[in-house]
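Peer 1: The primary structure of each chain is shown beneath.
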Amino acid sequence: MITNRKFFLAVCFILLVMVFPVSVLSEDAPEKGFKITKDTVLNVGIAINPEFESNITKASEDTVTTETRTSTDENGKVATTTTTRNTEILSDMILHYSPSLRIKLDDDKKTIGFSLLLDYNHYLGIENSKTAKKLSELDLRSDLLGEFNKDGLVIFDFKNSLSRSSTPDGQELSGKNRNLMDSFALGVAFKSVEDVLYGKIKIGFDINYLEQSKDNSAYKDYNYVAPFLDLFGRWKFLPKTMAFASFSTKYQDYYESKLRDDSRAVPINIFLGVMSQITPIISSKVSLGYSVNAGKSVHHDYNANAELIFKYQDTGLAIGYLKNMRPSSYFQYNSTHKVYLNFKQKFAKYFLASLNFSYSYLMFGKNIEFSANEEYTQAEDGSYQRVTEYEDGSSVTYSVLMPKGKRRDHLINFAPSLSYAIFPWFGLKLGYNLEYKDTDFVRTSTTNYNNASDAEKNYTRTTSTHYDYIDHRVMLSIVLDY
Amino acid sequence: MSFSKFVLLFVSVFFAFAIYADEASTIKDEAKGKADKIAEIQSQLKGVAAEAAAAKDQVWQGCVGKYLSDATQLAGGAGNLVAQIAAALAGGNISAAQKSMPTLDSMVTSAEKLLADAQNCERSSAKQQANSKVEMQRANVRGSVSSAMSLSSMTSDMPTETNRGAVEGSDAADAAGIDASGVIQTTNDGSAEAEVAVAPTETPEDATQIEEQVPVQEEQSPTM
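Note that the protein sequences, when read in sequence, are chains V and L.
Residues in the first sequence are numbered consecutively from 0, following numbering that gives the first Met the number 0.
Residues in the second sequence are numbered consecutively from 0, following numbering that gives the first Met the number 0.
Just so you know, the hints here were simulated from the structure itself, not pulled from any lab data.
Since the model is a prediction, treat every value here as computed from it, not as a measurement.
Fair warning: there could be bad hints in the mix.
[As the list claims (entries may be wrong)] Computed cross-link-like contacts, SDA-like style, restricted to lysine to any residue with a CA-CA straight-line distance of at most 20 angstroms:
| id | chain 1 | residue 1 | chain 2 | residue 2 |
| --- | --- | --- | --- | --- |
| 1 | V | 345 | L | 162 |
| 2 | L | 27 | L | 115 |
| 3 | V | 322 | V | 370 |
| 4 | V | 158 | L | 162 |
[Stated by the list, open to error] Computed, partial: chain V to chain L, Cβ under 8 angstroms:
| id | residue |
| --- | --- |
| 5 | 47 |
| 6 | 101 |
| 7 | 148 |
| 8 | 152 |
| 9 | 376 |
| 10 | 378 |
| 11 | 415 |
| 12 | 426 |
Beta carbons are placed, not taken as given, at the ideal position from N, Cα and C, and that holds for glycine.
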């Protein structure tokens with residue numbers, strides 16, 4: 000074992016001695032990365048990011064659970080006890096350990112690239128020690144792409160993106176969502192000799208899978224497969240102006256959902272627009288479009304995007320507006336108005352100040368969570384109820400009440416940051432992020448348990464879950480990326 | 000000597016001088032033409048060097064500069080050699096002039112090779128962080144309009160702004176945020192850290208939506 004380790008270390012040392020001077024000290028060495036061959040560059044990196052988050056479960060302070068129990072004392076007097084508990088807002092410190100590598104072969108005719116980023120989120124459990132065990136998880140992201148015949152008039156490409164991300168799975172500290180997502184696309188593009196005209200056809204599929212769905216059927220409602228088709232074209236009809244058009248559709252099938260027929264969605268998005276460099280420092284993009292979502296019901300909508308860019312020396316500013324639509328598992332679709340601002344200012348050669356701001360207004364479609372679920376019946380007050388009876392005569396009534404109107408959310412993001420590039424391959428960044436959500440959506444679930452033999456075990460538990468929250472995050476990033 | 004013999008001698012000498020003079024002139028012209036060709040290559044390299052300087056591309060500039068320096072030396076050497084050949088011809092030493100011609104030929108070949116190598120010089124603009132050629136190609140493919148719409152080039156030299164989990168191609172379809180997946184991307188780009196936490200095609204809105212919609216199991220379990 001020791002011999003093997005020595006051998007391994009010796010091989011590593013020899014490779015380092017052989018490769019490092021050639022890669023780093025040679026005259027044609029790139030600014031960053033190890034030059035493996037004439038056209039192949041390897042980048043390796045690692046980042047350590049301590050982060051403080053004030054509301055790790057994005058819980059609402061208005062969420063409350065009440066439990067009512069009845070008991071009979073020795074004198075036969077019946078007493079009712081009600082306990083109320085607000086959801087706890089938990090803050091924590093998270094350490095991100097994040098190694099990465101990228102390798103890319105790139106020449107006139109082809110590009111082949113691969114990247115892998117691992118990110119272990121280590122919750123320290125400052126306020127609640129359970130977070131360290133329940134939420135610490137390894138995230139990853141990986142890309143594989145290839146482009147062929149790049150110098151020709153017909154270009155072929157493929158791309159696969161795989162990611163695993165984890166987030167707390169509710170406002171209580173119950174665990175985490177582990178979300179696996181893979182997206183694969185094959186494309187063929189055509190362009191004219193002068194590159195005045197360009198068109199592309201892309202087909203592929205997205206797969207979304209929640210890992211805990213194998214143990215808990217509630218999560219199966221979110222697993223989907225979505226084959227898609229994208230068409231894109233542009234025409235540079237003036238040297239500084241081009242028109243573009245895009246059409247895209249997908250067939251999003253929640254293949255394991257008990258609501259499969261209702262939640263299945265076929266969205267179509269069309270955009271037509273113009274992009275123009277008005278002056279050397281001001282550019283703009285304007286597009287309009289149409290969208291339709293064919294699901295349980297058919298929803299027609301419009302798309303729009305307007306963006307103004309100001310770029311002068313070390314200053315960059317983008318302000319814009321975007322309106323689009325996306326499929327949603329329980330609400331069929333969500334249609335979003337979003338205004339945003341993105342500002343960057345470089346100064347003193349090595350520093351960058353950034354500010355990102357966005358406000359989104361989300362309009363959801365009609366909730367279909369229970370409408371097609373045969374286990375539930377709708378009561379007069381609009382709530383959906385499910386009654387389960389047991390062999391001993393006990394029964395449980397579980398009901399959910401939601402607002403009758405359509406859900407509307409307001410979401411604000413505000414994120415200033417300051418970066419310092421000590422070297423081209425080593426830097427620091429201090430950032431703050433505010434996320435605030437306000438919504439009219441409240442979900443009230445009631446569990447009523449009736450024990451056949453012992454009335455003292457009976458209880459009624461009601462949870463009113465609110466979804467508005469505020470979350471502050473402060474993160475320091477120490478990044479080495481060579 | 001009879002008159003006819005004298006005429007014959009005169010004509011012979013005339014022709015001999017004529018032949019000699021023609022050969023010397025040919026050698027001289029040929030040498031000058033080759034020297035001019037080297038000078039022309041030097042001039043072309045100066046143009047490329049000026050282009051590299053205008054692009055403020057230090058890697059390209061350094062590479063071309065090296066070849067230009069060699070070409071300048073060659074042009075100087077060729078000029079000296081042509082002068083030597085002319086002097087030899089003026090002194091009537093044709094054979095010495097002829098012996099110098101192969102050297103001049105090899106100098107022309109060297110100059111042509113210098114030009115070819117200089118044209119293959121790798122370009123690496125610091126602004127575009129061109130570790131390879133793809134960024135140059137992308138800039139060309141996307142065109143000035145698309146690149147004008149992007150703020151990402153401003154931060155390409157900041158290691159904290161690098162998207163370490165992604166590898167980019169030169170696809171023109173997603174230039175300047177026009178994404179063909181049906182959702183136009185905006186320039187409100189997040190940090191690399193944020194992209195880890197959110198799946199690629201999920202917006203933050205969607206991510207929190209999933210979190211909210213999955214029912215807490217405690218609510219469904221009567222015995223807890």
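Peer 1: Taking the least C-beta to C-beta distance, is residue 426(V) closer than 8 angstroms to chain L?
Peer 2: Residue 426(V) check passes; min Cβ-Cβ to chain L is 4 angstroms, inside 8 angstroms.
Peer 1: Can the restraint linking residue 345(V) and residue 162(L) be considered satisfied, given a maximum Cα separation of 20 angstroms?
Peer 2: Holds, at about 19 angstroms.
Peer 1: Need the status of pair residue 27(L), residue 115(L): alpha-carbon distance at most 20 angstroms?
Peer 2: violated (28 angstroms)
Peer 1: Does the closest beta carbon of chain L sit nearer than 8 angstroms to the beta carbon of residue 415(V)?
Peer 2: violated (12 angstroms)
Peer 1: Checking one constraint from the list: CA of residue 158(V) to CA of residue 162(L), max 20 angstroms. Satisfied?
Peer 2: This hinted pair holds, its Cα atoms lying about 17 angstroms apart.
Peer 1: Measuring from the C-beta of residue 378(V) to each C-beta in chain L, is the shortest one below 8 angstroms?
Peer 2: violated (17 angstroms)
Peer 1: Holds or violated: residue 376(V) as interface residue toward chain L, Cβ cutoff 8 angstroms?
Peer 2: Since the shortest Cβ distance to chain L is 16 angstroms, the answer is violated.
Peer 1: How about residue 148(V): closest beta carbon in chain L under 8 angstroms, or not?
Peer 2: violated (12 angstroms)
Peer 1: Take the shortest C-beta to C-beta distance between residue 47(V) and chain L; is it under 8 angstroms?
Peer 2: With Cβ-Cβ at 11 angstroms, over 8 angstroms, it is violated.
Peer 1: Grab the minimum C-beta distance from residue 152(V) to chain L and call the hint holds if it beats 8 angstroms, violated otherwise.
Peer 2: violated (12 angstroms)
Peer 1: Taking the closest Cβ pair, is residue 101(V) under 8 angstroms from chain L?
Peer 2: holds (5 angstroms)
Peer 1: Starting from residue 322(V), check that the Cα of residue 370(V) is at most 20 angstroms away, please.
Peer 2: violated (28 angstroms)
Violated hints, listed in ascending order, are 2, 3, 5, 7, 8, 9, 10 and 11; each of the other numbered hints is respected by the structure.
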